[in-house]
Structures are given as C-alpha cells and as structure tokens.
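Residue numbers (our numbering), protein chains in the order written: chain A, 1 to 300; chain B, 1001 to 1300; chain C, 2001 to 2300; chain D, 3001 to 3300.
Please keep in mind that the hints were generated in silico from the structure rather than gathered at the bench. Because the structure is a prediction, the values reported are computed rather than measured. For each residue, glycine too, the CB sits at the ideal point set by N, CA and C. There may be inaccurate statements among the hints.
[Stated by the list, open to error] Simulated restraints on C-beta separations:
{"#": "1", "chain 1": "D", "residue 1": "LEU3067", "chain 2": "C", "residue 2": "LEU2030", "range": "52 to 62 Å"}
{"#": "2", "chain 1": "C", "residue 1": "ASN2239", "chain 2": "D", "residue 2": "ASN3253", "range": "34 to 44 Å"}
{"#": "3", "chain 1": "A", "residue 1": "LYS29", "chain 2": "B", "residue 2": "ASN1270", "range": "48 to 58 Å"}
{"#": "4", "chain 1": "D", "residue 1": "LEU3067", "chain 2": "B", "residue 2": "GLU1123", "range": "26 to 36 Å"}
{"#": "5", "chain 1": "B", "residue 1": "SER1021", "chain 2": "C", "residue 2": "HIS2296", "range": "40 to 50 Å"}
{"#": "6", "chain 1": "A", "residue 1": "LYS78", "chain 2": "D", "residue 2": "LEU3067", "range": "28 to 38 Å"}
{"#": "7", "chain 1": "B", "residue 1": "ILE1129", "chain 2": "C", "residue 2": "LEU2252", "range": "40 to 50 Å"}
{"#": "8", "chain 1": "D", "residue 1": "ASN3027", "chain 2": "B", "residue 2": "ASN1270", "range": "51 to 61 Å"}
Protein chains: 4
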Amino acid sequence: MSFNTDLASEAVDTLKSKNKSFKQYSNIKLIETSVDKNLSKQINKKQGDYYLIDISNEDTNDSESLLRVEKFITKVLKKILKKEKITNNSKGLIVGLGNLNITPDSLGPKVIDKVIVTRHLFELDKDSISEGISNVCALSPGVMGTTGIETSDIIKAIIDKISLDYIIVIDALKAYDINRINKSIQITNSGISPGSGVGNRRKELSKDILGIPVIAIGIPTVVDASSIAINSFYNLINNEQYQNLFKNYNKLNENDKTKIEQQLISNYNNNYIVSLKEIDIDIENLSEVLSGAIDHAIHF
Amino acid sequence: MSFNTDLASEAVDTLKSKNKSFKQYSNIKLIETSVDKNLSKQINKKQGDYYLIDISNEDTNDSESLLRVEKFITKVLKKILKKEKITNNSKGLIVGLGNLNITPDSLGPKVIDKVIVTRHLFELDKDSISEGISNVCALSPGVMGTTGIETSDIIKAIIDKISLDYIIVIDALKAYDINRINKSIQITNSGISPGSGVGNRRKELSKDILGIPVIAIGIPTVVDASSIAINSFYNLINNEQYQNLFKNYNKLNENDKTKIEQQLISNYNNNYIVSLKEIDIDIENLSEVLSGAIDHAIHF
Amino acid sequence: MSFNTDLASEAVDTLKSKNKSFKQYSNIKLIETSVDKNLSKQINKKQGDYYLIDISNEDTNDSESLLRVEKFITKVLKKILKKEKITNNSKGLIVGLGNLNITPDSLGPKVIDKVIVTRHLFELDKDSISEGISNVCALSPGVMGTTGIETSDIIKAIIDKISLDYIIVIDALKAYDINRINKSIQITNSGISPGSGVGNRRKELSKDILGIPVIAIGIPTVVDASSIAINSFYNLINNEQYQNLFKNYNKLNENDKTKIEQQLISNYNNNYIVSLKEIDIDIENLSEVLSGAIDHAIHF
Amino acid sequence: MSFNTDLASEAVDTLKSKNKSFKQYSNIKLIETSVDKNLSKQINKKQGDYYLIDISNEDTNDSESLLRVEKFITKVLKKILKKEKITNNSKGLIVGLGNLNITPDSLGPKVIDKVIVTRHLFELDKDSISEGISNVCALSPGVMGTTGIETSDIIKAIIDKISLDYIIVIDALKAYDINRINKSIQITNSGISPGSGVGNRRKELSKDILGIPVIAIGIPTVVDASSIAINSFYNLINNEQYQNLFKNYNKLNENDKTKIEQQLISNYNNNYIVSLKEIDIDIENLSEVLSGAIDHAIHF
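Looking at chain A on its own, in the form it has when it is part of the complex (with noise of 0.2 Å):
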C-alpha cells in the first residue's frame, strides 16, 4: 500500500520494523521512530531521529490543553537541540516554510511572526542582553511561485553570510491519515526532506546540504486528495462485510494490487489538498504553541 506523507511514524507503520517506539505521558502520546541507512531506503526519509508527539487526545482550542503541548514540545525540542550539541551560545536561525496567504500552508510564517528574535540586539546593543537569552534570527523566505528562488537557495546564501551554529525549520506537512491533521508533531534532527510539505519545496535542507544541524518541526495540516482515494478503497476492501464481494481483488499479487492503486489516485496529481473546514483557529493556536516551545527551548 502506497503512502503519501511526511511522518517517518506513518511510513514505518506498513513495515514490521523495530525502529520504533511508544511512551505514554498522560494525554500525550510520543513515538520515536529512528530511521537508519536500511529504513531510510525502505520509506524514502531521510536518516535521522523522528519524534512524533501525538496530541490526539487534547483540545487543541482549549488553552490548558495548549499550555501542556507547548511545555511537552519544549521538553523533547530541548532534547534534541542538546544531542545536536546546541547550547545557549550557539548561534540560530528558525526559517519559516509556507505560504502566508494558504491558511494550512500559513503555519511556517505565522510561527516566524510569533517567535522572539535577538540577533539584531546582539549586534547592535549586547550590554541589554539579560543572561539566558540566545543569539536567534528568523526568516519567512516565502514560496517558489512568488519569488521565484528556491527557498534552499535563500537559505543557503544566508548561511554563507552571517554566522550560524544551527537552523530550526517549521513546515506544514502532509499526513496520510486525516485523523493526523493538526494532531501531531514531527521533530527530526533529519531536516526537510525533498517535495515535503503543503506546497511544492524542492530541494532539502538538512546538515548534509547546509553543513549545520537542521532541526525540522512539522505538523500536519493537510492529507493529498490521493490519500483519500487509497484509504477508503482499502476501509471497505478490509471490512469483513465485504470480504466475499472483493476477494478476486484480495487474490491479486503486490504488483496488480499496485496498478489499481494508481488507477485510483490517477485524477489527483500532487495538486490538491484535503484539510479541516475550520483549519484557521488550529492553526492561529498551533503557531502560538509552536512559537511558545521555541522560545522555552532556545532561551533559559
């Protein structure tokens, strides 16, 4: 079965592999997923660490249920950043991905909007830096298709520039499973893998291209139209109810059962997305948490 997402945790799920891990901390659900050379082939992600922090079970309009998310990214942002070797004088740059004008895609640039940026009083005025607070500057570089530039581009000169320790990115991704949208979040030490995320961001930023740590923070928002295709065919191919009806489709072998699969999905290149009716209060919310963590994690 086919698997259209960004979440290394979805696409592990189709194979019987062991790189991956549950613990339960109350409400919120972490699974960690480490993708080696082998898996990387196996699900097409990058190598890397993969945390998915599921918030199934809050409320994502409800400001306590909020506060515990944020406070819980915080704790497992932390984690990573000092894996990474990242401490308080390390020197970063959050890059925002997305379009601000597509409310799913709006989640990069609304974070940016959000977070606090220091590097400018660092430069221009060190004496009124309380102790804690970190060199940090932010970036919205905007999409391909009003710029022009390929965002990796923007980056990577931006690098070259000024001086940089490490990069954290916030994309919108896309989950297979509608269930996911805007109730998980991907942290990978992995960075952003090609042709992820809502629009279309080709080239990848991670350590390997950028030659800094790339610590990528991604919530779902939306699922491809294909996912949908594929998933309800399989929820009534898989009920028991209907078992006789399709069993000459159940004899097929993986090769045929593939064929079809692409004949359902073939009305729905990559250019539609499948999202929540109200996504933009999910989205104002999740900006604040995200923007929150941040802050907690980089600062202290």
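Use these hints to put chains B, C and D onto chain A, whose structure you have.
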C-alpha cells in the same frame, strides 16, 4: 450514485433530465438548468433558474481571460436582474458569506471588500451621485462560529430595518467534480439552499424567506472529501480493464451499492474539504472578477 | 485650548472639575470620571461613568504585564456589568467597530475574532453548555465606506430581531496626548459618542438610542494630526525659556488665541491620524487582552 | 528649516538649486532632480537621478486614472533601466521592503505578492518561456524587528549566491508635506538611503554597496509627526496676519530658530507616523499600479 454538490448542473447529471441546455460562446460554455417542482425533489435543490458558466477553457491567471469572464458574468447577471424586474432604481444589498481566514471560503468577504457601495452617498450627499449609479450596500456578516448568530437572522434583521428591493449573495460552493474547482460560476434566482457552501451555513436565504428576490452567485472552491472517496472508486469500477475483477459489485442492487458508498465515505464526515494547493491567487482574481461584474451589472 | 479626544479623562483636564478621582494599584492607575449633565455640555461627552485604566507603566510586549492588565480590566468590567444589572443570565452582543485593513483601527474586529461566542450553542445544543457560561454573540459590522450602511442601523436591526439584554462595544479611540497611544483603556456605560473613533462612525450607540445598556471599551490607538500641531505649539509657548519671545501671544484674549489655534490646525482636516511605527504587535496583544477580559467578566 | 523627508525633490526646495526641472504631461507632473556631489551633502541624499512623478491631480480610486499612472511609471522606469544598461537579457531581483502588518508600510510586500516572477521557470523549464520575458525574481525580506537580521545583509547574501544584474527596491517613504501622501512616486538610480522609509531600515541598498545597479521606487505613505509640528508652526508664523505678533521670532538668527524647531519636535522622536485614515484602499491600488508598471517595464 450520491452527489455532494451545490451545483444544480452536476446534480442533474445523474438524471435523464431535459431541463438542461448548453451554449458555447468561444471559450466559455453556458449551461442553463431549470429546476421545477419535480426536479427540485429529485436533486434536492430549490426551484429556480440555474446558470452555470463553465470557464475551464479560460486561464484564471491571465488578465485577458479574466476580462472575458467578467464581461460574460455581467451579461448573465443583467439578464437575471431584468427577469427579476430589478432596475437601476432598485435598492440592493450584496452579501458575502464565508470566512476571510480560510482561503477557499474567503471568496464572499473578498468580493464585499472590492464591490462599490453607494447607499451612504444616497443618504448623505444625494446630489453628488451621477446618473446610472444605483443604490447598493454590502455586508460580510461573518460565520456562525465567530458570531454565534445565524447569518440568515442578520440578513433578515437588516432587510426589516432598511428598505431593500433585492439581494445578491456571494458564496464559495462545493462541487462534486474536482475539476470544477474555480472553473465554474453558478448564478441562480433561487437563493442559497440550506447546508450549502464550504462552511456550515444552515438557514436558507431566498425569496420565500426574505420576501425579495435573492440572486446567488457561487463559485465551487472545494469538493467534499467524501466525493474523492466515491469518485475514485467509481473511476476504478467503471474502468473496462477491471470489469471482470469487480463484476460482483456490478451485480449488486442499488440498495446494496448505496451501503457500499456509505462505507466508502464513513470516515469523512462533513468536516474535510479538498482544495487546490495554490488557491490564493485564484480566489484573489475571481473576487476581482465577481466584484467587477456586479458593479457593471448594477450601475449602467 | 481645544482638545480632539475620545477620552473623558483628558477632556476634563482643562477644567477645574471635581468629577475625577485617581487610584493606584501597583503599576496600574485607575481614573474615574463621572460626567453629569453639566460636565457633559462642557466637555462634549455623553453623561455616564468613565473608567480610564492607565497602563503606561506596564509593558505591552511582556506576557506577565499583559496578564495583570487583563485581570484589572476584568475587574473593572465586572463592576460596571453589575452596576448595569447584567447577570450571568443576561444575553449580550459584543460589537467590534473599525476596519480590519487599517492597523490602528483593527482593534475591534480583532477582538471579535478572538472572543468566545455561545449564542448558537444555546440555540442548537443547550444541554452541552456548562454552568456559568453566559449567552453571548458577536459582530464586526464593518465600516461605512465598505458597507454603505450606518453601523448603528446594523446594530439596531439586530437588536430588534434577536432578544438581547446588553451590548459591549469595542473601538479604537483617538487621544489628545500622543503618550497615551496604546497606554490607556477607557470603559464606560455611556456608549460610543458620535464622531469618535479612528474612522468616521457617526451615529451613537447608547442606551438612549438602543434601549439596553451599552458598555463601551476603547483604547486610544491614534491622535489626530491637529493635536500634534496644537500640542507642539503650546509646548514651545509655555516653555519658560521662551516666555519673553512669545509674550505678545500670551497677552491675547481667549478668542484671539482660538483663532490662532484654528490657523495652526487649518491644514489638518479630520483625515490624518498619528500612530506608532510598530503598532501591529501592540494591537495584536491588546486585542488578546480585551477578548480575554471580556470572556472572564461575562462567563463565571 | 529642517526637513524630515525621503523625497529629494522636497529636500531641494529649501535651496536655490538649479538641479531641478519640471514637465507637465496632462494631469501628471514629472520633476527631475539631479543630485551631484555638492547637492548630496547639502540635502543628505545620495548622488543620482531622482524622478518624482506627481499624481496629485489623479484620483487613486479611479481605474482610468490608475491606468494612466501605471503607464507613466512604466515609461520613466524604462528610461532609467535603459540608462543603467539593463536589457531584456539582464537578470533582476525585486525587493519589497516593509511590514505587511502595518498598512502604510505594507506597500513593498504587497508589490512582491503581485509582481510576476520567472526565474524558477528559466531554471526548471526554459523552453516554456516566451520571447520578451525577462529573468526576474522577488523577495520580501521582512523587517528587522521580526527577523533580527539587517535587510541589507539578506540582500547581499542573495546577490552573492545567485547571479544578478540589477535590483529594483520598493519601499514606503516618508514625505515632509502631508499633501504628498500617496500622491507622488519617486524613482531613482541612487538606491535606498540609510534611515529612510517608514520603519527603521538602516543600512543602504545601493550600487556602491551591492555592486550592481539599484533602482529604488518609493511612494510617500506617511509623514513624521515632527513634520506636523514644524509645518503648522511655520504656517502660523508666515501668515501675514500674524507678522506683528511673532515679529520677535522672525528677528532671530538661524541658530536660535533651529533651537526653537528642536523644542517644537522634542516630544516626537522618530516613533510616530502620520497617515491617512482610509489608507488601505490607496495602498492596495498603488501596489497594483507599481507591480503592473514593473511587469511592463521589464518584460517587453
């Protein structure tokens, strides 16, 4: 086969109805659907004349294309206004339904931002008004999730308060066929039916309820996630290549087929919408086109 | 000296009035101005109780400061609601005046976007409502330049249509003193007077007109350009150093002084507003504070 | 008399300079100011050619007026591009300075949203490009308060990374005369000088610094509050009627007059801007005009 659509033209496609006529005007196709009492029950759309302007052969990013579309809409709108006995001396209210913060639902409010209003000039400075300028006002009432008030209650209240002869309602609609997204304009004298649109706008705005003509202009900017589930399945089932594989299905009676459709869409309650990735530019351009067409149809 | 201000407290400053009292609560100062019939004529403000919450010693970029301010506003608001005999069982409408597209005028609409509404739940699903939750709805009617309708007509229409016990109106105000921009919150039971606010909102919203209590909450986000002209001139004239230079002026009678004031402001009709360069963040934070305070004052 | 202005034409008005010429083209006036080494020191503007297109006799709400203005700007822009030896084969970057969230400062980012970009097509699908289409990309770098990075550092980084032949910078400017707000377009080959614009954008973008031609297009959307203080005072002082009253002032030497000016503006540090009440519509229309003019000047 069940259809989740706001377009009368699509709804009629399932029936062998004669209430539909086509005309081709260079790139633009006009489909007229006359919904009488009988057909109204069959397709669950209010009685009235429905004009579907099919612009799938025009380019919504090209200014000359957009100008042609604007002129065509103006003509259709003038015809309907005339039929409804609305003249230059009639007083109108333009209502933009939808949520400004959700891109595919922002069409209505964006038209209201752009449309010319004159009512206050008639009240405050009547002598300044050129001949041909009609008395018109406009309102974006907001969505019930933000106001807590039924939109129809707000509109009814205003009609009761200020003297009005007709209403034009703009709304983002739901199509069944994903290819119609941003590629059709439906204009009807039947008003807006309950349950239609991208959001949850429940009570109808119509002549029956409001006592004055209600012209509704809608553009399908989304399809329901369930339409993808149904449509992709039938695309597969009806493919000649797989006739044999699914022959058991084709032998089922309508009742059983409906059960299977229910199973296919069971995960997609009304909360998921499918839209184009780069919908922001279309919405911007189409709101410009609609406001221009309304201005030209009303003031002459 | 002429004052172009929406703040009763500022208007009273010219008079030797005893209708004004101060209280200091750590960083926050509360100024109560009781405007009776007599004073109303002198300062051209409607009769009523005016509370000015002076937050010039709080930092509108600091979350702890903002929380203190929110709590203080909640307390003042509760006091006024009680005085007006508004209880948990009263039905309210929150009205956000102003234009979302002009930053210093967007306060009202932004509060409406954030405030909790419950009226639709009372109508549709009464059993789901927890104890303490009050029945409240909200509206951003838009500005007359966009709607062509007087805001007061829209509000009156809705009051006539749906049963309501009180109204809370939010508006961006004009101060005389540039230092008060975003540094004061005025709350009054007198409603909103004609001609006030950033835009041209002409007809008053008050208990006299609407028949139910109207609580107005305003924050000065601009001063008029004419206030700069007047204020800078008097700053110079009243400077001891230049007493001799301008002694001829000081000998003039009030009438002649007024003529000179007219000359000073002659280039600044009502169309120019003075605001802070980086006003966007303040407006965002203050709209958050006001919506929070309203939520806490109403539901308890 | 001190001037706080970004317009060379205004700055020159204080001097008996011959570096200024006027031409009238029906409703539109063109003022050319050539700033040489000498004049540069006197008026504190960089050397270069400054074109001020005065559109105070055009109506920025009328589509025919706007079209005339767009065509005029195109012509001036073409002339400057030619002078700078920029051809159809040159590669350009359009930079929109300013803050999208503050209405009078949003001109630059809004132009970037609307301007046509082609660089990605040249990279990805060169054969699809029609003759006459030029290679151009665009960027809204954001403001330092949000990014923590000097805008000039971002632009320099990108120039170093991708091959470019010229830059066009769009910015909202500050005028001295309140009547020029949204009524002039300044185009210059001198770049953007430090300290100009609505916000605090400090480091210059110019050929000297960046090594390639920098064409700056600016529209004054604000005046500084201090300009109101100065201007209103001189309006009074220079009024014949009050010559006698202020004769002592007129006898002062320049040094003492400057002290008085300092006193007049002492309350208005650089943080207050004066703008039009209904500036949103102008900014929307003018950003449309500028993006159209740039498109037509570049691609031909």
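ILE1129 of chain B versus LEU2252 of chain C beta-carbon gap, inside 40 to 50 Å or not: With Cβ atoms ~45 Å apart, the hint holds.
GLU1123 of chain B and LEU3067 of chain D - C-beta distance against the hinted 26 to 36 Å: At roughly 31 Å between Cβ atoms, GLU1123 of chain B and LEU3067 of chain D fall inside 26 to 36 Å, so the hint holds.
Range agreement (Cβ of LEU3067 of chain D with Cβ of LYS78 of chain A, hint 28 to 38 Å): violated (57 Å)
Verdict for LEU3067 of chain D, LEU2030 of chain C (Cβ pair) under range 52 to 62 Å: holds (55 Å)
Range agreement (Cβ of ASN1270 of chain B with Cβ of LYS29 of chain A, hint 48 to 58 Å): Between LYS29 of chain A and ASN1270 of chain B, where Cβ atoms are some 28 Å apart, the hint is violated.
ASN3027 of chain D versus ASN1270 of chain B beta-carbon gap, inside 51 to 61 Å or not: holds (54 Å)
34 to 44 Å as the expected CB spacing between ASN3253 of chain D and ASN2239 of chain C, which holds or is violated: violated (19 Å)
Whether the CB-CB distance between SER1021 of chain B and HIS2296 of chain C falls inside 40 to 50 Å: Violated, at about 60 Å.
This entry does not satisfy hints 2, 3, 5, 6, going by the numbered hints stated previously.
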